[in-house]
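Q: Take a look at the letters that make up each chain.
There are 2 protein chains.
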Amino acid sequence: MTDVTTARRSRSGGGAARRASRTAVSIETAKYIERNIPTFDLLNEEALQIIEENAETLLAEVGVNFVNNPAALDRWRQAGADINGERVRIPRGLARELCKTAPSTFTQYARNPERNVEIGGKSLVLAPVYGPPFVRDAQGGRRYATMEDFRKFVKLGYMSKWLHHSGGTVCEPTDIPVNKRHLDMLHAHMTLSDKPFMGSVTEASRARDSVEMCEILFGKEFVQHNTVMTSLINVNSPLTFDDVMMGSLEVYAANNQACILSPFIVGGAMAPVSVTGTLTQVLAEVLAGIAYSQLVRPGAPMIFGAFVTSIDMNSGAPTFGTPEASQILYGAGQLARRMNLPFRSGGALCGSKLPDAQAAYESANTLNAALMGGVNFMLHACGWLEGGLVSSFEKFVLDADQLGALHKMAQGVAYDDNAQAMDALRQVGPGGHFLGCDHTQANFKDAFWRTNVLDYKPFETWDEEGARDSQALASARVEKMLATYQQPALDPAIAEALAAYVANKKASMPDAFT
Amino acid sequence: MTDVTTARRSRSGGGAARRASRTAVSIETAKYIERNIPTFDLLNEEALQIIEENAETLLAEVGVNFVNNPAALDRWRQAGADINGERVRIPRGLARELCKTAPSTFTQYARNPERNVEIGGKSLVLAPVYGPPFVRDAQGGRRYATMEDFRKFVKLGYMSKWLHHSGGTVCEPTDIPVNKRHLDMLHAHMTLSDKPFMGSVTEASRARDSVEMCEILFGKEFVQHNTVMTSLINVNSPLTFDDVMMGSLEVYAANNQACILSPFIVGGAMAPVSVTGTLTQVLAEVLAGIAYSQLVRPGAPMIFGAFVTSIDMNSGAPTFGTPEASQILYGAGQLARRMNLPFRSGGALCGSKLPDAQAAYESANTLNAALMGGVNFMLHACGWLEGGLVSSFEKFVLDADQLGALHKMAQGVAYDDNAQAMDALRQVGPGGHFLGCDHTQANFKDAFWRTNVLDYKPFETWDEEGARDSQALASARVEKMLATYQQPALDPAIAEALAAYVANKKASMPDAFT
Numbered sequence: 001m002t003d004v005t006t007a008r009r010s011r012s013g014g015g016a017a018r019r020a021s022r023t024a025v026s027i028e029t030a031k032y033i034e035r036n037i038p039t040f041d042l043l044n045e046e047a048l049q050i051i052e053e054n055a056e057t058l059l060a061e062v063g064v065n066f067v068n069n070p071a072a073l074d075r076w077r078q079a080g081a082d083i084n085g086e087r088v089r090i091p092r093g094l095a096r097e098l099c100k101t102a103p104s105t106f107t108q109y110a111r112n113p114e115r116n117v118e119i120g121g122k123s124l125v126l127a128p129v130y131g132p133p134f135v136r137d138a139q140g141g142r143r144y145a146t147m148e149d150f151r152k153f154v155k156l157g158y159m160s161k162w163l164h165h166s167g168g169t170v171c172e173p174t175d176i177p178v179n180k181r182h183l184d185m186l187h188a189h190m191t192l193s194d195k196p197f198m199g200s201v202t203e204a205s206r207a208r209d210s211v212e213m214c215e216i217l218f219g220k221e222f223v224q225h226n227t228v229m230t231s232l233i234n235v236n237s238p239l240t241f242d243d244v245m246m247g248s249l250e251v252y253a254a255n256n257q258a259c260i261l262s263p264f265i266v267g268g269a270m271a272p273v274s275v276t277g278t279l280t281q282v283l284a285e286v287l288a289g290i291a292y293s294q295l296v297r298p299g300a301p302m303i304f305g306a307f308v309t310s311i312d313m314n315s316g317a318p319t320f321g322t323p324e325a326s327q328i329l330y331g332a333g334q335l336a337r338r339m340n341l342p343f344r345s346g347g348a349l350c351g352s353k354l355p356d357a358q359a360a361y362e363s364a365n366t367l368n369a370a371l372m373g374g375v376n377f378m379l380h381a382c383g384w385l386e387g388g389l390v391s392s393f394e395k396f397v398l399d400a401d402q403l404g405a406l407h408k409m410a411q412g413v414a415y416d417d418n419a420q421a422m423d424a425l426r427q428v429g430p431g432g433h434f435l436g437c438d439h440t441q442a443n444f445k446d447a448f449w450r451t452n453v454l455d456y457k458p459f460e461t462w463d464e465e466g467a468r469d470s471q472a473l474a475s476a477r478v479e480k481m482l483a484t485y486q487q488p489a490l491d492p493a494i495a496e497a498l499a500a501y502v503a504n505k506k507a508s509m510p511d512a513f514t
Numbered sequence: 001m002t003d004v005t006t007a008r009r010s011r012s013g014g015g016a017a018r019r020a021s022r023t024a025v026s027i028e029t030a031k032y033i034e035r036n037i038p039t040f041d042l043l044n045e046e047a048l049q050i051i052e053e054n055a056e057t058l059l060a061e062v063g064v065n066f067v068n069n070p071a072a073l074d075r076w077r078q079a080g081a082d083i084n085g086e087r088v089r090i091p092r093g094l095a096r097e098l099c100k101t102a103p104s105t106f107t108q109y110a111r112n113p114e115r116n117v118e119i120g121g122k123s124l125v126l127a128p129v130y131g132p133p134f135v136r137d138a139q140g141g142r143r144y145a146t147m148e149d150f151r152k153f154v155k156l157g158y159m160s161k162w163l164h165h166s167g168g169t170v171c172e173p174t175d176i177p178v179n180k181r182h183l184d185m186l187h188a189h190m191t192l193s194d195k196p197f198m199g200s201v202t203e204a205s206r207a208r209d210s211v212e213m214c215e216i217l218f219g220k221e222f223v224q225h226n227t228v229m230t231s232l233i234n235v236n237s238p239l240t241f242d243d244v245m246m247g248s249l250e251v252y253a254a255n256n257q258a259c260i261l262s263p264f265i266v267g268g269a270m271a272p273v274s275v276t277g278t279l280t281q282v283l284a285e286v287l288a289g290i291a292y293s294q295l296v297r298p299g300a301p302m303i304f305g306a307f308v309t310s311i312d313m314n315s316g317a318p319t320f321g322t323p324e325a326s327q328i329l330y331g332a333g334q335l336a337r338r339m340n341l342p343f344r345s346g347g348a349l350c351g352s353k354l355p356d357a358q359a360a361y362e363s364a365n366t367l368n369a370a371l372m373g374g375v376n377f378m379l380h381a382c383g384w385l386e387g388g389l390v391s392s393f394e395k396f397v398l399d400a401d402q403l404g405a406l407h408k409m410a411q412g413v414a415y416d417d418n419a420q421a422m423d424a425l426r427q428v429g430p431g432g433h434f435l436g437c438d439h440t441q442a443n444f445k446d447a448f449w450r451t452n453v454l455d456y457k458p459f460e461t462w463d464e465e466g467a468r469d470s471q472a473l474a475s476a477r478v479e480k481m482l483a484t485y486q487q488p489a490l491d492p493a494i495a496e497a498l499a500a501y502v503a504n505k506k507a508s509m510p511d512a513f514t
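Line order of the protein sequences matches chains A and B. Residues in the first sequence are numbered consecutively from 1, following full-length UniProt numbering. Residues in the second sequence are numbered consecutively from 1, following full-length UniProt numbering.
If you're looking for bench data, these hints aren't it; they were derived computationally from the structure. Incorrect hints may appear among the rest.
As the list claims (entries may be wrong) - One side only, chain A facing chain B, incomplete, derived with CB under 7 angstroms:
#, residue
1, Ile176
2, Ser274
3, Leu425
4, Asp469
5, Lys480
6, Leu482
Where a beta carbon is used, it is the ideal one built from N, C-alpha and C, also for glycine.
Use the sequences and the hints to build the structure in full.
A: As structure tokens, this is what we get:
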């Protein structure tokens, strides 16, 4: 583990370490967002009731498939569902009733207790991009992701003030065998960051490995009584729950670990082309999936997920940051709140191939909708590019900077005496200016959100410095952050035990690349 | 008038004209937006009442200055205000009472009646960038704007489906004498487009010229009874109404032409650093300004404007697309609705020097806030760059494309039987796909908003076509639009009369360049 070794050496003292400490970028992490603003409730009561009614009809009359999973069928049968082959028809109201044991909020613990996050209620927890097989940066272009890329993204996430969560598969480390990647990925999250993270879901055995690694990191007792992972369980939409995803969900639920139950829908392909029809399907899938988790273990923490893209009906390409995607996000948020469940949606989603204007329009549209739509857990909050095929280094820091604006927006507007500023208004009067007045002097430091990467310079300065665009400014910031990264401390005994676990597990299996 | 001549020749027939007609880009213009969605009400009742109370205190105790304008002081004195030098102190409640004669909605007529717009209520009218002395495009970089640039922007605006309004000073034609530019600008709007437009406000005499040109275009009788211009009157914040702006406002109000009464505020410099303090000042300024318009002519159509930027307290640069700017927009919208007045704010505002990711994040943040915050008239809806110093050709078409998404978002979510899509959900069932189902076939054409400029292509195709970023794609679209532009028809007698008016006016004055 090169990174661990390097960090230990630098922590052990000496002039180099002191210099590093003096020049270190602050690794302050903001507290998760607590909304002090209303949600935007797009759908009216009538529409919501129709969707809820139709979702129940769908579950009762059409049903859902639990594939290759006789145990799941047994659980459903015992709960009162009608089983026909792999089809599970759920009597009206049963799924919603079962969902009631899922908590409305839960704490996900981090190894650094200052990084613990509350998920649900008025909170918004931000986690980075998940899943891309490619990475891109300005220097190297688009290429298959490696474990070294993965580690860089974890480091960037650790150093990003507005990111509360280290995430999961920040990119697919394609240079590591498929059956062993999860070990290296979890090891990176556990050692290179101290923020909360996600577990593996690509096989039930890997979910078990994730739990076991957490037992090393947090202690076995702690893990059995506390949630230390939030993992992503996609529904195979429409209405299908496959055995791989359900196998992982079963492991996590049984161990009281949180899952996001997320329909994964390219609108028009995996759901109807209408917003209301799509919301009906999303709700039916979430009802069935979360109900199932509660059959495995009542009280298991779950998140109502909705990952829905629109589609370009000409090319079939999924599209992002579109009005229909926002409408579905708003509606799904309302449906989740009516179930008192934490809600996952949104992200800096985009279809663009580059971190350009298209990427930013699309991402900003979704980030704004996610804040206003009451999202509690936002995966893909930074770094997502090209429809999720690419993790972009530059976009990671550009998006992460915008997340700061969400924090400020969520604070709402103060209107105490100081905020009213009547003294300033009286002091300055017509034709004056406020730059030097007492109120400004007392308040300017926190008055305005400030970017860490965008350009606010005078034109001439900007021009002399090379007329850099956002991508170039972001490249420089990525480089600076990686150069000044310092690994958070970890008990050496735990570090050794984790390394040994990974080494042993890897040695116990042949490499598999598919 | 080169453009007119060229267009006439091409309309006169021949193979070239027929080919042009076959290849012409559609110049369909969408109807102004009618919101079928709620507004986002950020401030609570208590905060709003405090701001309203404080604004009255400000007007009564501190007052506002009407500079170099004895007639205005007389009007205020007769209305019951306390006058001391140029300071006007307005008794509590008087300004609000006077504002009540301003209409809550009005129609601005266009020479093509299909382009008439309703301003106020649930409508949202979109107009392009206003005011920049520079232009930028990918080929030529940043340079002083000329009348030829101005005409290009008017043409692009005319051809932009989602733009309802031709705007005003889409860029400053710096190659034309200052005292004559308004004539060429108005002439361009009147002849190169058939959408509604704005009048000149840089001197009372130029406002009168604007009215006279409208009398030629619409007929004298029509102009006296109908609103055919909406013009931009900035307040010299804090709390100062200068004679140039008020001179223009007086001309327009007396002629029943609409004005936007807009505090123009760089937060922290021209207003307190707090959102609540800034809103208090904005409200006081709007109350005083619109009240004054109603002293000139009760019933004159007016818009509650709020142009407020945040500021980078390090450099003093105004900043855009920030959370504070959005908070002020939301609050100002609530204050405007409580006065039953149309509301102007927002735009594709940004500080970036290039149409890059920064420009798009900042612009999208503001466009979203403007839609949700209940803006009725959005100036700068496309083309704004570098804090308003630059009109960008590429950003014009990129922003204008995003405006389409606002239209779709504003429609809200249908939930009739077709939108519920229960037949589709039953037909497809678990594990199927919706691409070929009856509901999709019947609905896909209008199901999803579609871009006209962004990239949704497969990676390989995009790469083979040159891996173009948004700016490059937008350049190509600008070129295509300008190449296929066709001038809207205009009665030749009116066209001649307008040209003669401009020529005579210009001949009557020496050139002035300051």
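Q: Against each hint, give a clear statement of whether it holds in the structure.
A: Do the hints match the structure? See the list:
no. : hint   : verdict
1   : Ile176 : 24 angstroms, violated
2   : Ser274 : 5 angstroms, holds
3   : Leu425 : 6 angstroms, holds
4   : Asp469 : 4 angstroms, holds
5   : Lys480 : 18 angstroms, violated
6   : Leu482 : 20 angstroms, violated
Of the numbered hints stated above, those contradicted by the structure are hints 1, 5, 6, listed in ascending order.
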